[in-house]
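In order, the protein sequence lines correspond to chains A and B.
Note that our numbering gives residue 10 to position 10 of the first sequence, counting from 1, and the numbers run on in steps of one.
Note that our numbering gives residue 88 to position 88 of the second sequence, counting from 1, and the numbers run on in steps of one.
Don't read these hints as lab results, they were simulated from the structure.
Here the structure is a predicted model, which means the values were calculated and not measured.
Even glycine gets a Cβ: it sits at the ideal position worked out from N, Cα and C.
Among the hints, erroneous ones may be present.
[As the list claims (entries may be wrong)] Sample of chain B residues facing chain A (criterion: CB under 8 angstroms; computed from the structure):
hint, residue
1, Val13
2, Ala24
3, Arg108
4, Arg179
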Amino acid sequence: MLFCRAVTPSQPPAIEVVDLAKSYGDVEAVRGVSFSVPPGEVFGFLGPNGAGKSTTINMLCTLARPTSGAACVGGYDITTQRDDVRRHIGLVFQDQTLDGHLTATQNLRMHAELYGIDPGVVAERMRQMLEMVDLWDRRDQQVLTFSGGMRRRLEVARGLLHSPRVLFLDEPTVGLDPQTRSSIWRYIRALQDTEGTTIFMTTHYMDEAEFCDRIAIMDRGELVVLDTPQALKASVAADRVVLGTADNDAALTALRERFGVDASMAEGAVTFHVEAGEAFVPRLFADLGVAITSVSVARPTLDDVFMRPPGSPIRDAETASATDRNRATLRALSGARR
Amino acid sequence: MSATIAGVVAVRVPERSWRSEVRAVKIVWRRELIRFAGDRIRMFTSLIQPLLFLFVLGSGLQTLAAASTDGVDLKTFMFPGVLLIAVVFSAMFSAASIAWDREFGFLREMMIAPVRRSSIVVGKCFGGATIAALQGAIVLALAGLVGVPYDPVLLLGLFGLMLLLAFTITAFGVMVALRVKQIQTFTVVMQMLVMPMYFLSGALFPVTGLPTWLEVLNRLNPLTYAVDPMRRLVFHHLDASETARQTLDAGVTWWGWHVPSPVEAGMVLLLGLVMLAIAIWQFNRTE
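For reference, chain A alone in the conformation it holds in the complex (with noise of 0.2 angstroms):
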């Protein structure tokens, strides 16, 4: 409670996160994370499975009890007051939470009297949340009928009835199609304009987590980095630069000596990490020496942070030598980041 209310409070973090820890027996799901989410943020939470980020999530939406530590959602401490934490937070999970034998309009009402919302403003709260994932002409089906993604943008639908403070989405657009993903990014893009929506999202895919303001990792139970997308890549990676050239042997050489850089041959092209590569490639064909015939330069994405050496995932389950080595270089990521 006090803790709580430390915060300024006319702008009080959306959330609140201190050495937050949660152990099922022997084994600590989360060992003491702390961090903190302004209002209106988009928040990635990333990291392999099995890191602790369901458990993490769990936690701030009351359905876990921390073992040790505190967290303020909403401004409501999510131990002594989970009644006003509930009120104020949205849900969409991976798995379907939808009755399928009730119509997308039963769902939505069904939700609207569990949260105790005015019988006056419900229907029509109802329809612009079915019109804004494109569902108001199906609202009388039985979920049953409906198909992954349209079920998924009902459950989007659903977790914004309410007009929650924080929305919780663990892995939205898992199994979805890309037109899906687009359009439910979309609506919760408009919500946050519309309605101020902190949204705190946990996902796999590296393209959506660039959507995020901030980004943080877990692994093992800890929180590994946190910091911006841009910041990020910026940390690990420079450019990719790939040359096309009328003799690579010499292409090689004359970067060594001439500019000092140390490339090789990939998929029968000269290829080399370079800071700033767009101003580097003008002084290429300036002082190279040798034809360049084609030339492309490739922005780090997030998948250069999390994939190294490139080509594997952060963690595989299924093979632990690429789990240590990915372990290695979030290790060394944090490193670098302190």
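We have chain A; now place chain B onto it with these hints.
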């Protein structure tokens, strides 16, 4: 696509109060009814078993029983027992829905809502009880076919007792459903408990003059105290001989004491409330 939604209706979730709990109980109850109304197959299939008992078993054994029932049709005697089976199985089926809700994730939607868990359990039990009593009412409508008069007092009394029984059985089922991890387990547990309880209850035979072991099991069985008041009510409205009453409706006795119907009904209610309390306690501990 514009970035904002024009004229969006902002809503506010009020603080929790008794009123919001009542709304929650009501909507959980209503959902059960909506789902039942949409499930015609269930409505019909759940009638098959009681009708088999009543018309096949009842008619079949009638020739054997005729010698000892002193003019009372065996089907008339069995009618309260058949009402019992209709209600018990329907209530069990309703209770299973909470396990299905967990399987299909909908339970999570209810668990995260800003309402007490007890409101959800109470809504579930009321919903299951209503449906089971309605199923019983369909069988009750057949009373005339087996020589039970359509007396308003009798019908109302029987419906009330069915409602009570339905509530207790649903509470029992919900308690079990919250404890087991899988639906299959629930079905097995129910089969193991319900069929023996049904057979031991005296739904299909008079409970006097039984062998001691059977009498003890019968008296310990909660269903005994649900079927007995129903049967007394039926015989109260029958034009049966004193001999027939003595044989068929002697009633439950404890060491010679004739247990009155209100006490029996009270026991069923009390049991239901205890089960409900256990179910709520369990649900509150669930994370």
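Okay, the hints, checked on the actual structure:
no.: 1; hint: Val13; in the structure: 4 angstroms, holds
no.: 2; hint: Ala24; in the structure: 6 angstroms, holds
no.: 3; hint: Arg108; in the structure: 5 angstroms, holds
no.: 4; hint: Arg179; in the structure: 19 angstroms, violated
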